Amino acid sequence: MTQSISVDERIARLSYGVRHVLKRSGAAVQVSGGIDSAVTLQLAARALGPDHVLPLFLPDRASASISAELAALAAEGAGCSLCTVPITELVLATTPPAEAAVIICRYVPSYDVEHDGYAINIDAEASLRLATPVFRLHVGPVQGQATTSVMLRPTDLRALMAIQNVKQRLRMIVAYRHAEAHGYAVIGASNADELDLGFTVKFGDDAADLYAIADLNKDDVRALAISLDIPKRIRDRPPTTDTFTLQQSQADYYYLGDPSALRSVDTHDPSDDHDSALSQIVSVYRQTAHYNSQRLRLDELDVD
Amino acid sequence: MADWNSVRAEILDTVFFNFTAEEVEDSSDLASDGYLDSLAILSIVAVIDDHLGGEAAQRVAQRSDFQSLAAVENLYHRLAGTA
Chain A
1 MTQSISVDER IARLSYGVRH VLKRSGAAVQ VSGGIDSAVT LQLAARALGP
51 DHVLPLFLPD RASASISAEL AALAAEGAGC SLCTVPITEL VLATTPPAEA
101 AVIICRYVPS YDVEHDGYAI NIDAEASLRL ATPVFRLHVG PVQGQATTSV
151 MLRPTDLRAL MAIQNVKQRL RMIVAYRHAE AHGYAVIGAS NADELDLGFT
201 VKFGDDAADL YAIADLNKDD VRALAISLDI PKRIRDRPPT TDTFTLQQSQ
251 ADYYYLGDPS ALRSVDTHDP SDDHDSALSQ IVSVYRQTAH YNSQRLRLDE
301 LDVD
Chain B
1001 MADWNSVRAE ILDTVFFNFT AEEVEDSSDL ASDGYLDSLA ILSIVAVIDD
1051 HLGGEAAQRV AQRSDFQSLA AVENLYHRLA GTA
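These protein sequence lines are chains A and B, in that order. Using the numbering used here, read the first sequence as starting at 1 and increasing by one per residue. Using the numbering used here, read the second sequence as starting at 1001 and increasing by one per residue.
Hints were generated in silico from the structure; no laboratory data involved. There is no bait here: all hints are sound.
Here are the in silico distance ranges between beta carbons for each label pair:
hint: 1; chain 1: A; residue 1: D269; chain 2: B; residue 2: S1028; range: 19 to 27 Å
hint: 2; chain 1: B; residue 1: N1074; chain 2: A; residue 2: S283; range: 22 to 30 Å
hint: 3; chain 1: A; residue 1: T147; chain 2: B; residue 2: E1055; range: 16 to 24 Å
Remember, it's a predicted structure, so these values are computed and weren't measured experimentally. Ideal Cβ positions, reconstructed from N, Cα and C, are used throughout, including at glycine.
Next comes chain B alone, as it looks inside the complex (with noise of 0.2 Å):
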């Protein structure tokens, strides 16, 4: 299983890549701050899904999961079981 720091990598490479780590990491909202599309939240997921295997992000995500980079972190640890 892929610790969060390679899945933070490959959702700032894949999702945010038209934005630096920083802007990213900083923001409090990412919807509002024009981060995240309808689509970006789906990569999140398909990525997280991908280094957990199976489907549990897909099934139990909350818009809320999304608000921050530390909210998909924390989305991250409690299906992985690390939280």
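Same shape as in the complex, but just chain A (with noise of 0.2 Å):
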């Protein structure tokens, strides 16, 4: 565990920076039904009193069943009450399955709206081969395994990732909806290797007042989740998307595997083909990263 900030403090400084920075009397956690979010949760609780927290879960039609039940047992193991909110309607309302169906269907004609799901998997062959990041789209049975898989066009990738983006985003704006009302300060669950690596949607699940885990990897995660006593099932669910209509973990969709193979890429021989193709792949990612955190002001850009 290298986490440099110890769990008291780490529960101070939520204190102070809700109460005494942003001046709210309290915060909303969407949660997931994931570890870092259980972990946000279960920090806003110790620091700021579980009655002055407000746990938000925001399913959609693609949310596995088992996120509710693994959402409620976090709020739960808080001291809060969960809120659910769910943003079916919403996502219908703003990206119509339609939308999507068009593009899929050029790819796969059998691609049925009503019974079928896809998902955008990393192809780690390519990627490799390639040394840049390669997407594949997945299609199969809802909430289902992929039996149909291909390579999408740049122009298409760009279309689905902005139709699946607008879901992270309509959580952002439930989140901060529901946080306004109570006087709330939003706290953030993204995790260092997520920051890092761009793995977030700008304004989307990026957006937050405050962010409780920004400090640390996914692994120091996991060791902070035993030392709040975070329960075994939400700590050893393996971390997914919940983003598409098919099953996709987190390495499914981005990671290449576990993120900490990524995070090492600058310790690797630069020699190694492997190494220097990952090495090149990060870079992509930190390149999405900055750009995620970036605030341009017209007033502040060096132009050459």
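Could you use the hints to bring the two separately framed chains together as a complex?
Following this line, the structure appears as structure tokens:
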């Protein structure tokens, strides 16, 4: 465990940040049923008191059924009342499934919007061969395993990702709507791997007033979860994106395995082809992270 | 089947639209010179596969095939059997 801030110090800082810097009386935390949000919720409850923390579970039709169960378990463990706000209608209103279906049917004509789901996963072999992230479209039964996989044209990849990113941004809107109504701050649950490697949606899941675990990589979060007595079922759940209508882990989507492999790429042998390719992929990811964190102002632009 | 000149024109038009043809032609390292981003490689792959039919570029292209426009041309001829 490489945490530089002790648990007590982290809780104290969270309390100070919400009450004295943000001048809010409490906090809203989006909970997904995963370990990051469970840890963040537990920290917030200890820092501010469970009565001043609002856990928000914002499922849509792509959310796995186990997510609701584990989100409730996380809230119960923190002593908070879970607030569930389904966003399916919002998602359908802003990004009708037919829009994605038009794109998907160009590649998989048999795609049936009622019964089939899809996911966009990283293609490890092609990514390492081309030394750049390559994503493939996977199609199969809703919440099931993929039965078909094809490479997308960049224009279609962009279009599908734009559709998917709406969901994270809708969650942000709902989170702020509830937080502001209570006079609360929004506490973010993004970890250091996600922020360092750009695995966030700008103005979506990266949007928060204060980040409770932004300095912790996934291994650190796991260690902290144990010390906070986060239930084993939550700790043992493989990290998922809970974004697409097919089953998908974070490794399937983005990390090419465990994020620690990408995180440690700077120490790899640059003369090794595999390491070199991985390094270039990480470089692309870090550009994404840089873009996500930028707030460009014209008056501050360096113009050549 | 299209010839390299039409493939080249489409690549310049759809991938390198922010740069002049001369800039791209003169670069011996497209990535280092800032002409090539991650989606640009996939766009070139898509253009070549469109022109040749099938998914040959998807399946066999290597990073070194995108070092320069000349390298892309070599890739095209290799896949087209015109090398």
